[in-house]
Each structure stands twice: as C-alpha cells, then as structure tokens.
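Colleague: Each chain, letter by letter, is given below.
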Amino acid sequence: MVDSKDIKLTNSNQNNNDKVLSDNHTMSFDFVSPKGRLIKGQCKQVIAPSVDGEIGILYDHEPVLTGMKAGQVRITKKEDVVKVNITGGFLSVDSNEITIVADWAEIVK
Amino acid sequence: MPSQLVLRKRISSTQSLQKIFKAQELISASRISKARFYAQNAMPYADAITKAVRAVANHAKVEHILTNNNRKALATAVLVIASDRGMSGSYTSSIIKQANIQIAKLKQQSKKIQLYICGQRAVSYYKFRNITIDQFWTGHSDAPTAERSQEVSDALVQKFLATSKNSGVDEVIIVCSEFINMVIQRPRVIRMLPLMVVDNGSDPDELGESLAKVAKITTTASTNTESVPLYEFEPSAEAVLDAILPRYVQSRIQECLLESAVCETASRQRSMHTANDNANDLLEDLIRRANQARQAAITNELSEIVAGAAALQNG
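Those protein sequence lines, which keep their order, are chains A and B. For the first sequence, numbering that gives the first Met the number 0 begins at 0 and goes up steadily by one. For the second sequence, numbering that gives the first Met the number 0 begins at 0 and goes up steadily by one.
Worth flagging that the hints you see were computed from the coordinates, not collected in a lab. A portion of the hints provided could be inaccurate.
Claimed, not checked - Pairs of lysine to any residue residues, derived as SDA-like cross-links and limited to a Cα-Cα distance of at most 20 Å, are as follows: (1) A:34 with B:277; (2) A:34 with B:33; (3) A:34 with B:142; (4) A:34 with B:106; (5) B:50 with A:82; (6) A:34 with B:35; (7) B:50 with A:63; (8) A:68 with B:232; (9) A:39 with B:40; (10) A:82 with A:41; (11) B:50 with A:29; (12) A:68 with B:149; (13) B:50 with A:43; (14) A:34 with B:234; (15) B:50 with A:93; (16) B:106 with B:163; (17) A:39 with B:36; (18) B:50 with A:73; (19) A:68 with B:234; (20) A:39 with B:21; (21) B:33 with A:53; (22) A:68 with B:195; (23) B:50 with A:97; (24) A:34 with B:19; (25) B:50 with A:37; (26) B:50 with A:38; (27) A:34 with B:232; (28) A:68 with B:231; (29) A:43 with A:73; (30) B:21 with B:232.
Nothing here was measured: the structure is a model prediction, and the numbers come from that model.
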C-alpha cells in the first residue's frame, strides 16, 4: 500500500514537472558579465547558487532579486542543460525574464 | 640661406617622423574600433545593474552606507583617469588641468585630498611635482580590462567604507574624459560616492547613456516607462543592496575607463593626423628651399665659369 502511494506521489510530481517544463512555458534569460553578454535565449528552468542556498526558477516565478555566491548556474534550455561557473553576482526574475549578472563567468564545456 | 646639406638632413628627418605619425594614426584608428567594441560589450552588464539598482531604489526605503549623503565630507578621494602614453595632443594635460581645478576647489573647502590615478602620464606629472599619490594603476589605458575596473573600485569603495576617521574618505570624485564625438572630447567631473539613487524611475546619473554614445547604439528608452515590479528580496533588501551597489560602482568606473580609452585613442588619432599634415607642409617648404639652394649653387658655378672664360678671352 505504502509503496503504491509513494509511486502515485512521484507520478503526480512528475506530471506537474512535465507541465511546468513543457515547451509552451519558456522564460527568456540574459546572462551578463563585465566582459560582455555570455548567453541569451529561452529556457525552462534555472538553478542558481543564491546566498541562502540554491534557488530554482520555473515559469511564473514571482519577481525576485537575490545575491549569488560562487558556484554553478544550471540553465535548462529545450533539451540540453547549460552549466556556467560563476564567482558571484546577483539574479533578478521579473515576469518570466531572468537576468543573471555575474562578476566572472565561464561556460562549462 | 642654409646649405643644401642641412636642408637635406632636415628633409630626411621630417620624412622619418612623418612615417611615425602616419603609423600612430593608423594604429589608433584600429584601436578605436576595438575600444568601441569593449564599450559595446560592457553595455548589457551596465544595463542589468542599473535596472536592478532602480528596482531596489523604487521598492525599498533602505538606507545603505554607499548612498548615505548625510555624512560630513572631510576627506575626498579624487580619481584621475588619464593616458599611459603621449602623442595624444592635449588629452592628458586637459584632464590634469581639470583635476587641479577640482583639487584646488576642494582644498578651499578645507577638505583633505587623496589622489588616485590611472595612467602613466598623470602619474609622472604628479610625481615630478612631489605630490603624494595614494595609489596608481598604469598600463592598458587604451584597452581597460574588467579586472582593472574591479581593482580600482575595490580600492575606492574600501576607502569610502573606512570613512575619514580611519584614514578613509567621505566622498569620491572622478575626473575623466567625456566622448562627445570623434572630434570633441572634453574632461568631466563625476561625483561617484556617495551614490545618488534617484527613485523617480529616471536613470541614476545617466548610466549607460554615455556608453551607448560611445558604442553608437541607440537604446530604445523603454526602461523609463516600464513599471517596476514588486520584487521579493532574498534574503533581505539590505543584503541585496550589499551585493548590487559595489557592482554598480564597479560598472560605473568601468564605464569611465572605457569612455576615457575611446577618448584617448580618438584624441591620438586626431593629433597624429594633424602632425602628419604639418609634416607634409614642412616637407613641401623644405624641398622648395632645397631646390632653390641647389639652383642658386648651379647659377653661382655657371657665372663663375662664364666670368672665368670672359677673363681668359679678354686677356
């Protein structure tokens, strides 16, 4: 019984996730550093190292402005995930537009 | 009239100088596009930071030490941004002149001055006059890096946070150059710290506008009409300000460095062009005089021969 409930829960989570991560729900993002714009485009999900821990941003996230510490930003585009190492910076989300400002950034190949 | 030999020497030295001027002009012409490219690259970063600063200023009535205007200014840091090399006409001297005017003004208000300098030319100017320089940075004045602006802003912000009680400063002033167009660049003075955060949605200190001018990009003024959303600050508005304001200072200083670099190369290109033209005029004059001297010598020789022949005939 317990097992099936667990499975059901994961399933519903999975469905929810699928809906949020669907192609219709994309956010535009802009990744900038002092050297210039790193990448810009559409994405489904962004996970960033905020000062309090990691922050994950999906479609329809509330407007937020947070500092970032050194770590890795992971941006889920259509299929692929772009990983970018940063030394710090800040991130703002506003009506499905994400701006990531890093002091130094390098895309992980 | 100077001898032919002297004139020929002057002609050859003017010609070799002209080659140098020409090369310098071409080099600075290519550097301008590079400097513009850097300025263009810095635009998105500056824009993003300005937007964030505006958002915080609009939303939260938070006091931050970098925006605190109530402090009594007892000591002032003056950052002079000049060039590393000469051959750029009056570029450095006009900036130094402006800096000296500012320093004299501040001294009249009995403020202590701390001098921070970017660019070898200005460093040697103040060193020669035995004026104490607190810190200086040289190299790459015509292609400033992001790291350089980081170093400069770190030093200045640190001094500002220390306050004048602990051998720091209470305000920071930048003397740099303003790019109006390829022909006109003039020195300008900016009060960097404490920051003036304007909360009516207008651009604080027109950040990015001069960059746009340098990069020749017309930014559609959408940011001014946009309504600023109610942001959630994580973990707090103060912490977010702590993260954003030093970066804002850095991006402003980077903007000044980049704009000054464009001014420097533009000024160098212009003065080298003038020097080239002058060398041309000089060459024309010298060649004419050399020809005249040569002709005079020939005439002289001829008349001597004719006179000699006539004397022989008569005798």
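Colleague: Okay, which hints does this one fail, numbers in order?
Modeller: 1, 4, 5, 13, 14, 18, 20, 21, 22, 24, 27 and 30
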